[in-house]
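Enquirer: The residues making up each chain are set out below.
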Amino acid sequence: MATILAVDDSNSMRQMVSFTLKQAGYEVMEAADGVEALELAKNNVFGLVISDVNMPRMDGITLIKQLRSMASYKFTPLLMLTTEAGPEKKREGKEAGATGWIVKPFNPDQLLATIKRVLA
Amino acid sequence: MGIDITQFHQIFFEESFEGLEAMESALLDLSRGSGNSELIHEIFRAAHSIKGGSGTFGFSAVSEFTHVMETLLDEMREGQREINESALNLLLESVDVVRGMLEAARDGGVLEADRVAATQSRLEAMLNGDDIVVQASSSMAGQQDIHKGWQIDFKPYPELMKTGNDPVLMFHELAEMGELKVVVDTSGIPSAAHFDPEECYLSWKLSLMGDVTEEQINEIFEWVDGDCDLTINPIAVEDSDQIAAAQVETGSHESCAVAQAERQPATDRQADEAAPNQGERRAVAESSIRVNITKIDELINMVGELVITQSMLGQVGSELENVDSSKLEKLRNGLVQLERNTRELQESVMRIRMFPISYSFNRFPRMVHDLSSQLGKKVELKISGEATELDKTVMEKISDPLVHLVRNALDHGIETPDARVAKGKPETGVVHLNAYHKGGNIIIEVSDDGGGLPADRILAKARQRALIADDEPLTREKTLDLIFEPGFTTAEELSDVSGRGVGMDVVRRNIRDLGGSIEVTSEQDKGSKFTVRLPLTLAILDGQLLSVGSETFIMPLISIVESLQLDCDLINTVAGQAEMYRLRDDYVPVVRLCKLFGIKPKSMSLQDGLLVVVEQDGMRIGLLVDELLGQQQVVIKSLETNFRRVEGLSGATILGDGTVALILDVGGLIAMSGRDPASGPPHKKEQAA
Amino acid sequence: MSAVKAEQQEIDNAATLIGMSNNDDQYLTFILDNEEYGIDILRVQEIKGWDKVTRIPNTPEFVQGVINLRGSIVPIIDLRQRFNIEKLEYGPTTVVIVLRVQDEDSDCIMGVVVDAVSDVYNIAKEQLREIPPSFSSSIMESVRCIATVNEKMVILLDVDHLLNADELTALGSIDT
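Chains as they are written, first to last, in this note's numbering: chain D, 882 to 1001; chain B, 10 to 698; chain W, 993 to 1168.
These aren't lab readings, by the way, just hints derived from the structure by calculation.
Hints may be right or wrong, so weigh each one.
[Said to hold, decoys possible] Residues of chain D placed beyond 12 angstroms of chain B at every Cβ, according to the derived structure:
| no. | residue |
| --- | --- |
| 1 | M882 |
| 2 | T943 |
| 3 | Q947 |
| 4 | E976 |
[Said to hold, decoys possible] Once the Cα atoms are required to be at most 30 angstroms apart in a straight line, the calculated BS3-like pairs of lysine-lysine come out as:
| no. | chain 1 | residue 1 | chain 2 | residue 2 |
| --- | --- | --- | --- | --- |
| 5 | D | K923 | B | K171 |
| 6 | D | K997 | B | K171 |
| 7 | D | K997 | B | K214 |
| 8 | W | K1044 | B | K609 |
| 9 | D | K970 | B | K164 |
| 10 | D | K955 | B | K164 |
| 11 | B | K609 | W | K1079 |
| 12 | D | K946 | B | K164 |
| 13 | D | K955 | B | K401 |
| 14 | B | K190 | D | K997 |
| 15 | D | K903 | B | K304 |
| 16 | B | K157 | B | K171 |
| 17 | B | K611 | W | K1079 |
| 18 | B | K538 | B | K447 |
| 19 | B | K214 | D | K975 |
| 20 | D | K975 | B | K171 |
| 21 | B | K447 | B | K401 |
| 22 | D | K970 | B | K171 |
| 23 | D | K975 | B | K164 |
| 24 | B | K406 | B | K387 |
| 25 | B | K611 | D | K997 |
| 26 | D | K946 | B | K171 |
| 27 | D | K946 | D | K923 |
The beta-carbon is built from N, C-alpha and C at its ideal position, and this holds for glycine as well.
Using the sequences and the accompanying hints, generate a full structural model.
Expert: Laid out in structure tokens, this is it:
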């Protein structure tokens, strides 16, 4: 099964996402902000990246842009975790290169169902 | 699947309370005008986090409330709203409300629904009746039409793959909703020469039969909106048969293979890139993890046991004789090494429990801010030495006493602005919290530049309450010390703020329970200073072993002033009962431990014994003991766990040979000797016994 | 007990151990001055020999002192002295029963010195007889009831009441 990178500055959210995915059999690594995530991305192969948008040091949109500029992450599904479902945020995300988004609040089952759309 | 989400609640609560503290601190900074623009972003992020988390974990009331706060903060950070005092105060109140809501949620307590509702409407009012943006729920209340099925024409644009979306997986999702038939159109694939593996040349015609709404289908294609041409048409009953005629199933044809192949080169490239970048730069930022405090306590207990075991081995090692000397040498070296390692381990472990006192000092800016406005006084709070570290448990237990001291300083110490000006003092009073290390202790000072403690009123009150005799002369120090007597207060009215003044004796008792002491100095109209002295840790003690008769006791080194052999010429007997020793300029009462504890000493005569002069709370006594044995670090074990508190003892410890030794408590010994003057010299008839 | 009776008792014990009914309680019994006393076996943590004890000053005489029990400080009570019976010399056969005592708010561990440990019995609730109220003294408050086991009288003690810390403190101040 693929390895997923979960990025969120909130400990509890990260833990829940991580736990849920691990239960489903995925390998998961965690990062607390965009900078950490980028480091991990350089040194690992991730099949999917799930990232919050509002984070210190480097926010989610910037992270996605950075990832897309790396050859190894050109086609990797990158999902945004966002509380804002407004069209501008979605557009911003897409322009940055995001694959899709998951709106918070969500429950674990929703998360698993959603990632099936981009991860085999 | 039913994953239990409640296991994450605790961490969510901890994290949210931290976030609230950060918000409060930043809001206070802004209100003082000492903030920078980054602060408002921090506050926004904290609120945003709590909103998101509370929503996810099912605390919808909190989520709704914080959402309004967040909207307000968003306007502020975008520069659309002025960051003024009333807004900041309202936000500070809101932080309190959220705190209350989270506490109620965590502890199952009662929620002050009125306060929540009232504050929420004030927040909304401040937003000037702007429409509050409610999160769009992921399911729209849209068309409910259900047809027999749908015809979907899906043509992705060439760059669709770069979004990370995979049509095949999307089709799988569709297939879960009903019966799906997929027909691929490969006509768009160019010749090999022009074939770009990163582009998508395929399009599909799908039919989805079943109880499905258009919304549901749109939702699946939501992410690729704008990266494709998508048409969805309902299939009437008759059409469905036609579709059934032209069948190709998903999953088995070349289009999929091609689609997979397009991704293949990408993944290979990923693998290549990963290899060279092995273990390069480490994260620069300091990372930390949360650890349950029970685990730490267990760890500390285990290290304590290790210290005892190591000391036992050390003892045995030093007693070995008839052993091959080279082996003995090796053993001894090993034991020395072990001692060093154990000591280092112990120090490291103890440091885990050390926290900067700022954790405790943190609550005071807010408290002073609120209290001073409540009292109509102008007070500036100065904090220094907040990085000074102390044991977590000590810090928790000292918090309430400190709160009491600060409240007193504000309530009784600092005068009203008018009174201060009349005295020629600046309008704003200063309360200063200071902490530093000194000689194995931590010293915390709470001082103010207020009116000082009214010595004459204290004296009068004490006389009135018959705490002291009418004509008893007291030094200024002793007078001020009276405020620590139970039931003492000179406050003219019982103020709402500090309560009945029952606090001071409780404060001192709490501090004493921690093995510390408190003193006060004060000057009329200039101010007062309370000095609290606390041991750095609760569990380990540097002790002096001493013996009385056949019993071994431990005296904390901190309490020892000096130890000396007695010069009998310097002993004076007072009223035939108490013995006093002249130590340079001072007289020290001699206390025979053998008497206090009913032990038969090695010798009754003073010359043979040693005098250990000890001190607590400014009072000194000289303990007469038989011998001074070594000094060592001991692990403090409680007597009270299985037995009870014994006056004169602060606990017990286990020595290297496995036996129990009792640890002396100077305060208790002083009290005991004060009551029983027979701790003095033996009477003639006893000497014969 | 005769050999046959002893065997009978063993069988009874084993049988009840396997299929213990709710009406039975198990008691550990010990000898003190030729009398047999019983305590709830669930309260017994361990049985050990006598070890050197560290005296605690200003405590009642029956409090011998404290010992180091695998790192915990545990007080040792001499039951003979507690019951105002003359204390015996301690020797290699002296036995200490380590008990779990429950206070209103806490649990603690204490050891009691007895003459010898006797046996373990299952005693049904119906076999218990209350102490006649004509007996009264603070010590008697610790006696729950009396039972007859194999024609012998066994005095059942309430461990919590016997060694309650508050009582110890109160007694402590009376004696000194």
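Enquirer: Against each hint, give a clear statement of whether it holds in the structure.
Expert: How the hints compare with the structure:
A cut-off of 12 angstroms between C-beta atoms confirms that M882 of chain D is not in contact with chain B; the least separation is 14 angstroms. The beta carbon of T943 of chain D sits about 15 angstroms from the closest Cβ of chain B, which is more than 12 angstroms, so the claim that it is off the interface holds. With a cut of 12 angstroms on Cβ distances, Q947 of chain D stays outside the contact zone with chain B, its closest approach being about 14 angstroms. Separation of E976 of chain D from chain B is inadequate, the least Cβ-Cβ distance of about 10 angstroms not exceeding the 12 angstroms criterion.
Taken as a hint, the K923 of chain D and K171 of chain B pair is honoured in the structure, with Cα atoms around 19 angstroms apart against an allowance of 30 angstroms. Restraint check: the Cα-Cα separation between K997 of chain D and K171 of chain B comes to about 18 angstroms, which is no more than 30 angstroms; the hinted pair holds. For the suggested pair K997 of chain D and K214 of chain B, the alpha carbons sit about 21 angstroms apart, so the restraint of at most 30 angstroms is met. For the suggested pair K1044 of chain W and K609 of chain B, the alpha carbons sit about 18 angstroms apart, so the restraint of at most 30 angstroms is met.
Restraint check for K970 of chain D and K164 of chain B: satisfied, since their Cα atoms lie roughly 25 angstroms apart, inside the 30 angstroms limit. As the CA atoms of K955 of chain D and K164 of chain B are separated by approximately 21 angstroms, the hinted pair is consistent with the 30 angstroms bound. Distance restraint check for K609 of chain B and K1079 of chain W: the Cα-Cα separation of roughly 21 angstroms lies within the 30 angstroms cut-off, and the hinted pair is therefore satisfied. About 25 angstroms separates the Cα atoms of K946 of chain D and K164 of chain B, which keeps this hinted pair within 30 angstroms; it holds.
At roughly 49 angstroms between alpha-carbon atoms, K955 of chain D and K401 of chain B are farther apart than 30 angstroms, so this suggested pair is violated. Between K190 of chain B and K997 of chain D the alpha-carbon distance is near 19 angstroms, which keeps this suggested pair within the 30 angstroms criterion. Distance check on the hinted pair: K903 of chain D and K304 of chain B sit about 25 angstroms apart at the alpha-carbon level, within 30 angstroms; holds. Annotation: proposed proximity of K157 of chain B to K171 of chain B is violated, straight-line Cα distance about 34 angstroms (limit 30 angstroms).
With a CA separation close to 26 angstroms, the supplied pair K611 of chain B and K1079 of chain W stays within the 30 angstroms bound. In summary, the hint linking K538 of chain B to K447 of chain B is supported, as the alpha carbons are separated by about 17 angstroms, within the 30 angstroms threshold. A threshold of 30 angstroms between alpha carbons decides the hint, and for K214 of chain B with K975 of chain D the separation of about 25 angstroms falls inside it, so the pair holds. Of the supplied pair hints, the one linking K975 of chain D and K171 of chain B holds, its CA atoms being roughly 11 angstroms apart against a limit of 30 angstroms.
For a cut-off of 30 angstroms, the pair hint linking K447 of chain B to K401 of chain B stands: about 18 angstroms separates their Cα positions. Restraint check: the Cα-Cα separation between K970 of chain D and K171 of chain B comes to about 19 angstroms, which is no more than 30 angstroms; the hinted pair holds. About 18 angstroms separates the Cα atoms of K975 of chain D and K164 of chain B, which keeps this hinted pair within 30 angstroms; it holds. A threshold of 30 angstroms between alpha carbons decides the hint, and for K406 of chain B with K387 of chain B the separation of about 29 angstroms falls inside it, so the pair holds.
A threshold of 30 angstroms between alpha carbons decides the hint, and for K611 of chain B with K997 of chain D the separation of about 84 angstroms lies outside it, so the pair is violated. Distance hint between K946 of chain D and K171 of chain B is fulfilled; the C-alpha atoms sit about 12 angstroms from each other, no more than 30 angstroms. The straight-line distance between the Cα atoms of K946 of chain D and K923 of chain D is roughly 14 angstroms, inside the 30 angstroms bound, and the hint therefore holds.
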